[in-house]
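Engineer: So the sequences go chain by chain: A and B.
Just add 46 to the spot in the first sequence (first one is 1) and you have this note's numbering.
Just add 46 to the spot in the second sequence (first one is 1) and you have this note's numbering.
Worth double-checking, as some hints may not be accurate.
Note that the list lumps identical chains together, so a pair holds whenever it fits in one copy or between two copies.
Result set (SDA-like, lysine to any residue): computed pairs, CA atoms no more than 25 Å apart in a straight line [said to hold, decoys possible]: (1) 257 - 282; (2) 119 - 193; (3) 183 - 249; (4) 119 - 47; (5) 119 - 235.
Keep in mind the hints are simulated off the structure, nothing from the lab.
Only a predicted model underlies this, so the values are computations on that prediction, with no experimental measurement involved.
2 protein chains.
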Amino acid sequence: MNILIIHCHPNPNSFNAALTERAVETLRAVGSNVVVSDLYAQDFDPVEHERHYRHRIDHDNFAPLNEQRNAYKTGTLPADVAREIDRLIWADLVILQFPLWWHAQPAMLKGWFDRVFVSGGLYTSSMRYDRGYFRGKRAICSVTSGAPEQAFGPCGRGGDIHALMWPIQYSLHYMGFDVVAPMLSSGVQGHGYSYQPADCLSAYLEGLLSKWSRRLIGVMDEQPLRFPVWSDWDSLGRAVSAIASQSVSAPKTRT
Amino acid sequence: MNILIIHCHPNPNSFNAALTERAVETLRAVGSNVVVSDLYAQDFDPVEHERHYRHRIDHDNFAPLNEQRNAYKTGTLPADVAREIDRLIWADLVILQFPLWWHAQPAMLKGWFDRVFVSGGLYTSSMRYDRGYFRGKRAICSVTSGAPEQAFGPCGRGGDIHALMWPIQYSLHYMGFDVVAPMLSSGVQGHGYSYQPADCLSAYLEGLLSKWSRRLIGVMDEQPLRFPVWSDWDSLGRAVSAIASQSVSAPKTRT
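Please model the entire structure based on the sequences and the hints provided.
Structural biologist: Here's what the structure looks like:
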């Protein structure tokens, strides 16, 4: 099996780095091929910008999606984007490893979504969701937080983990991935485990690493999360009534 | 009244730019002071990175929150971050204007959250939510999408607008802002209105601009969205039962 880890943390000594290292060891030990895209180490540019398009279809107005479509069609995608796409095509499983910053992925990883999931190439208006480019592949997010796990329940202080993960996971679903439940390693203070007093913390962190390792062994057998699919929508994209009343609903907001 | 617009779009001819321009005109016409932070024009760096900290508290390990705290305390914040903070302190109302890219804000704006909301300065473990630094100030997100409005209902194809906005709006709530319901300008194809056939589209877009303008006139009188607050949580950050069963809940995900 081929596994791609998209790793996003600015510190190579962080607990995120330890989680990625443990994943690499675990997966290689069972015979998988593993490639890591270490976004900070690659100095990945997260900003979708006209500077990335040297063969513009429109030099006067920068419309990102039009330039993405044109670059894909003419084989002039930015080299860093083309490399990430090649790795995604190669992978059977994609792991996204990142800390929760402001209830989402760090900007660098957000920009990986903005730039790598190329319009007209990796998705079109009809090639999305259960008809997505990466259908048959699987994705999992492994995230860290400083707050304790208890704070991530419904209306919890840290925000419900499902609400936090929704935009990211729905984006992976959009691309056709089967997304399994996220791995949350909570209570990782200071965004870098090496800054902590060693005693009981090290046992706690080792427990998190072991849990991640065990989870990975069975990850291909897990039941994916269920998101709405084409058969759930009418032509305008509205949910048919049956599904709208169940599941995958949105956070309600009181006014 | 002082109003800050955080504007994030790479094209100065985009419909996002038209929305910002209309907001500036409307608000100045009623006597408000308006400042625009145009993130692309400022070439804002969204990447939280050790390069931003010239007076490191720890040169060996880059722990972003520790460096943020130290930089705030020692008055050595990066100049671009200090400028954004000054503008936020000045403002009574903050408008975030951006296109929805991958069910969230563009990477550049995500990095504005990562870098500008400085740990130890603009928030601490006790200075958050209804005790947040910016309490008494108000925020609104004005977002554009290519998909039609119908697709943003519960389980809709585009994703429920409340699920899309949750991480962003909860982050603003975390900082103490009163957040009012987002303004969604949907059906803006091509991420730039100038690429569209002129006829009926221009009337449609003019309608969206007028709607935004009317909304802004009364925005300080709107009832803010209600998110959980300190009195809703126990010491571990778990919601007390009454609130957990209502409101502001998370997207449910079937397994």
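Engineer: Could you figure out if residue 119 and residue 193 sit no more than 25 Å apart (CA to CA) within one copy, between two copies, both or neither?
Structural biologist: between (45 Å within a copy, 23 Å between copies)
Engineer: First find the shortest C-alpha distance between residue 257 and residue 282 inside one copy, then the shortest across copies, and answer within, between, both or neither for a cut-off of 25 Å.
Structural biologist: Between copies only: 22 Å across chains, 43 Å inside a chain, cut-off 25 Å.
Engineer: Between the shortest in-copy and the shortest cross-copy C-alpha distance, which are at most 25 Å for residue 119 and residue 235: within, between, both, or neither?
Structural biologist: Result: close only across copies, 20 Å inter versus 45 Å intra.
Engineer: Have a look at residue 119 and residue 47 and pick one of within, between, both or neither, based on CA distance no larger than 25 Å.
Structural biologist: So residue 119 and residue 47 fail the 25 Å test inside a copy (30 Å) and across (49 Å) alike.
Engineer: Between copies, within a copy, both or neither: which fits residue 183 and residue 249 at Cα up to 25 Å?
Structural biologist: neither (34 Å within a copy, 43 Å between copies)
In terms of the numbered hints stated before, the structure departs from hints 3, 4, listed from lowest to highest.
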